[in-house]
Amino acid sequence: MTVSRSCRWQNSFRVRGSLAALAGLACQPALAADVMDTLQVHGFISQAWLISDDNDFFGPSSESGGSYQYTELGANLSFRPHPDVLVAAQVLSRRTGGGASDLQPVLDHGVIDYEWLSNNERRLGVQLGRFKNPFGFYNQTRDVAFTRPSILLPQSIYFERTRSLALASDGLSIYGEEYLDSGTLRLQAGVGNPQADRDLDDALGLGGRPGSFDGETSYIGQLLYEHEAGHVTAALSAADVEADYRNGDPGPGNGTFHFQPWVLSLQYTDELWSLTAEYALRRIALEGFSDPRGNFDINGESWYLQYTRRFQDDWQWLLRYDVLTNDRDDPSGTRFETAGAGPAYTRYAKDLTTGIQWRLHPQVLLAAEYHAIEGTGWLPASDSDASPEKYWNLFLMQASFRF
Amino acid sequence: MLARVLTPTGRGHPAWLAKLICGVLAIALLGHAIAALAADEEVVMIANPQLAIDAIPRDTARAIFAMRQRTTPNGEAIHVMVLPDDHPVHARFAKGLLDVYPHQLRLAWDRMVFSGTGQAPERVASQAEMLQQVATTPGGLGYIERGYLDDSVQVLPLAE
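These protein sequence lines map, in sequence, to chains C and U. Going by numbering that gives the first Met the number 0, the first sequence opens with residue 0, and the numbers climb by one from there. Going by numbering that gives the first Met the number 0, the second sequence opens with residue 0, and the numbers climb by one from there.
In isolation and in its complexed conformation, chain U is listed as follows (with noise of 0.2 Å):
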């Protein structure tokens, strides 16, 4: 249809051109979905609204998902949720934003449940599910695919 728009009947266009023109419009479209969808797919950090914290540096990510950091710098009580250990988002999330492997996230938490030395983090089930914890938890924080995210939580980016 596009092509026949490009190529109106008795006029002296080329069809080589009209086709050409037509493909990289294709192609150019195709991409910017791929880059949508991509875009949707990116896991973000998520938190409370109520929660008074900027971007932290990954460091600062990684020993609060290992639970061991459990209060934000201003003394704040953070709450931690984590989708299962075997969900994709969970070792995107691991592997992308903190950098450690989910095998690694749950032996240090195995490692302080069993030792008294920390507590778990809170599992929820899905992505919707995070959204709606993160909200309505006061010190929750989480991660979810962009996709996902509305205006009930603020997106904590990493420090540079």
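Here chain C stands alone, though its shape is the one from the complex (with noise of 0.2 Å):
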């Protein structure tokens, strides 16, 4: 008996929502065994292993054994309690050159999604609860490696310093989907507030001051086109995220983040190749501190061109050019020298990567890369030494387990 059957009565009320259909649990025995029936456990676990010449990143990987700190371990369940409803959670353990402390779990997502008009020309439906911000091709999955291209993802754009504000937002998403004759169109918004961890602290030079970040009502949304099968596919992403810094005296006082990046993304994907190309505009704004030096508006420029080859079913090469400028005016940092506030190359970051994936097995990933890189724009706050080198190298390796 399907779950639908044995509910009908549920229709009339599916235009109250996803607790209406919970409530559904209950209208009969038979359903408690249809629901376990969609229930699914997945999860994941990858260990990598960094070394580079110089710059320390994720842990102290220019020493001479390198660094082993770059863990990523990840469970989730779902399942549907009626077939427009899934109830989704999902934890991540993360730790990227932090203490072990920093593997303590924290939620990743947790949605309840109803989906109220699914059929042959569109779908329509709502995510409420913590849920993954589309931004670009890799950022709703970006801690897994199996949905990734590279160990790294190009630091440009999916860079480490202010991850948490990109992460995920607690409020509320809607989505659609329209199948047109040429292709599908894929729709995506959502208001909520966004993680603000230490990370951004650290990151606008306010690490062990007395405020903290907290997300506000913040806005992000991706219009997604699939030409025919997925062979082309184009998206802009876009998003207005605000994080307000609190109980910042005595010290630098109070002040609002403002985050607002544009993406656009292009894949052509054939059966043996794909061309990958995303470039980004941020602007970056940090105001109303009461000392001005404090305060900065800045717009940053991102971009990559990334070739990925597979071959004998199970390998896949990749090559990269990435590069991020932390500020347009002054993309090649000279003014931020002269201004005597650091090192010209510590404002843009320029990667050459190549690497190689092999999936030994549907389950097992295992994966080795290596970064040329001029410049330490993306170099995680918390990883940076007082002088940085400008030209630096960076080896990866690392092994992935799904189920």
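To be clear, the hints were calculated from the coordinates, so they are not data collected in a lab. Some hints here could point you the wrong way.
Stated by the list, open to error - Straight-line C-alpha distance at most 16 Å; calculated EDC-like pairs for lysine to aspartate or glutamate:
#1 K349(C) <-> E373(C)
#2 K94(U) <-> E270(C)
#3 K389(C) <-> E373(C)
#4 K94(U) <-> E227(C)
#5 K389(C) <-> D53(C)
#6 K349(C) <-> E388(C)
#7 K389(C) <-> E336(C)
#8 K349(C) <-> E300(C)
#9 K94(U) <-> D269(C)
#10 K94(U) <-> D84(U)
#11 K94(U) <-> E144(U)
#12 K94(U) <-> D312(C)
Computed from a predicted model, the values in this text were never measured in an experiment.
Assembling the complex is the task here: the two chains are given apart, and the hints tell you how they should meet.
What follows is the structure, given as structure tokens:
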């Protein structure tokens, strides 16, 4: 017996939303077994080893033994209490160079998803809870090695520095999909409060100061078009993210952080190769602090071009060039250096990457990659020492398992 | 043996004619056998016999197997079954019927499973298991080679 049949009466309540559907759990004892049939549990674990000639990235990578401090662990659970309702949650535990205490699990996402329309022309639904922000091609699953083309995502766009803000929001998101003759158009738009963790304090030079950031009401949206069967995919993502700095007295005082990125994403996929490019324009501003030296308003720019080639069924080779500019008005960082704020090369990064992935089993992925980097624009604030090197090389290996 | 039947001894038919007829027949028979074999290997979509669903457009089939569309147009839950990623029939189904590559489907499922936007399809090990599971699971939807078909499931054609 299908869930929908045993619970037909619910259809009249559909517009009342997911809570009505959840209440429908009790409509028939047999249904509990049907719901259990929809239960899925998945997870992943990834462990990397990194070594660099200069500059520490994710732990003491520039020391002789390299760093093992890049670990990702996740587990999720999902079920359908009703055919139109999905309940899903995932906990994530992630260490990137911090102490072992960073492995403490956090709620990565936790949503009730209600799809109120699904037919041959379109579908429409809403997610309530902590939803993953649709941002570029990779943000929603950026911590899952199996969905990444490389061990490190292009850092110009998926950087660590203000990662917490980009991850997920607590609020409401709507999604829609239109099946057109030429392809599929998808829209996702959300409003909610982002996470604002310590990475933000560190990135903005406020680490160790008395206050802290709190996510404020923020907006995010993505329009994505898949031509025909997804051989060509184009997406435009935009966000207006805000976080308030509070309890900053005595010290820097209180202020507001704005993060307004736009990302244009393009991908062509063939059976054996893909070409991917993303371009991002990003306004970052800090305002309201009583000390004007604490305030700024700059536009950053990022782009990358990536070629992946599949061969022998289980292998994939990647070549990528990735460029970050922290301030479009000062792309080489010379004005920054002239002003005595620090070396010019801390304001940009150019990363040439080549890597290889081997799926030796559907559940096991092994990867290795090499980065030749100029500049330290995306080096996490917590990892950078007082005088990072301008030119540096980074080599990583990673083993991942999923279920 | 066929040639002997066609050319009784002592009659006036020349041997080359018998050989020609024999050759043509053999080719025709072989061709028929190959066609039958090809028909047996054709991959078709199958559904649980209780599922009220007609021919569906390719876009819809793709959305269903990508696990984005999870109900039929009239609201019945669909339970999608797939063969392992590296099964040759899976690749032929994905490329031939859905016009997507298996690696695209895999990525689509992983992205949904790990972002809280959907669930993974149920994996079955073989075509025999596929047939049995689709036949006995409410809302069951899958695919097999025509040669494995029996009347425990309905064949779901693509709408033109």
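Here is what the structure says about each hint:
Using a Cα cut-off of 16 Å, the hinted pair K349(C) and E373(C) holds, with the two alpha carbons roughly 5 Å apart. For the suggested pair K94(U) and E270(C), the alpha carbons sit about 9 Å apart, so the restraint of at most 16 Å is met. Between K389(C) and E373(C), the direct Cα distance comes to roughly 6 Å. Compliance with the 16 Å bound is thereby established for this hinted pair. Pair hint K94(U) plus E227(C) holds up; C-alpha atoms about 13 Å apart against a cutoff of 16 Å.
Of the pairs offered as hints, the one joining K389(C) and D53(C) holds, with about 9 Å between alpha carbons and a cut-off of 16 Å not exceeded. Restraint check: the Cα-Cα separation between K349(C) and E388(C) comes to about 13 Å, which is no more than 16 Å; the hinted pair holds. Our distance criterion of 16 Å between C-alpha atoms is met by K389(C) and E336(C), whose separation comes to about 13 Å. Distance hint between K349(C) and E300(C) is fulfilled; the C-alpha atoms sit about 12 Å from each other, no more than 16 Å.
As the CA atoms of K94(U) and D269(C) are separated by approximately 11 Å, the hinted pair is consistent with the 16 Å bound. For the hint linking K94(U) to D84(U), the alpha-carbon distance of about 12 Å falls within 16 Å, and the restraint holds. Taking the CA atoms of K94(U) and E144(U), the gap is near 14 Å; set against the 16 Å cutoff, the hint holds. Restraint check: the Cα-Cα separation between K94(U) and D312(C) comes to about 15 Å, which is no more than 16 Å; the hinted pair holds.
Checked against the numbered hints above, the structure violates none of them.
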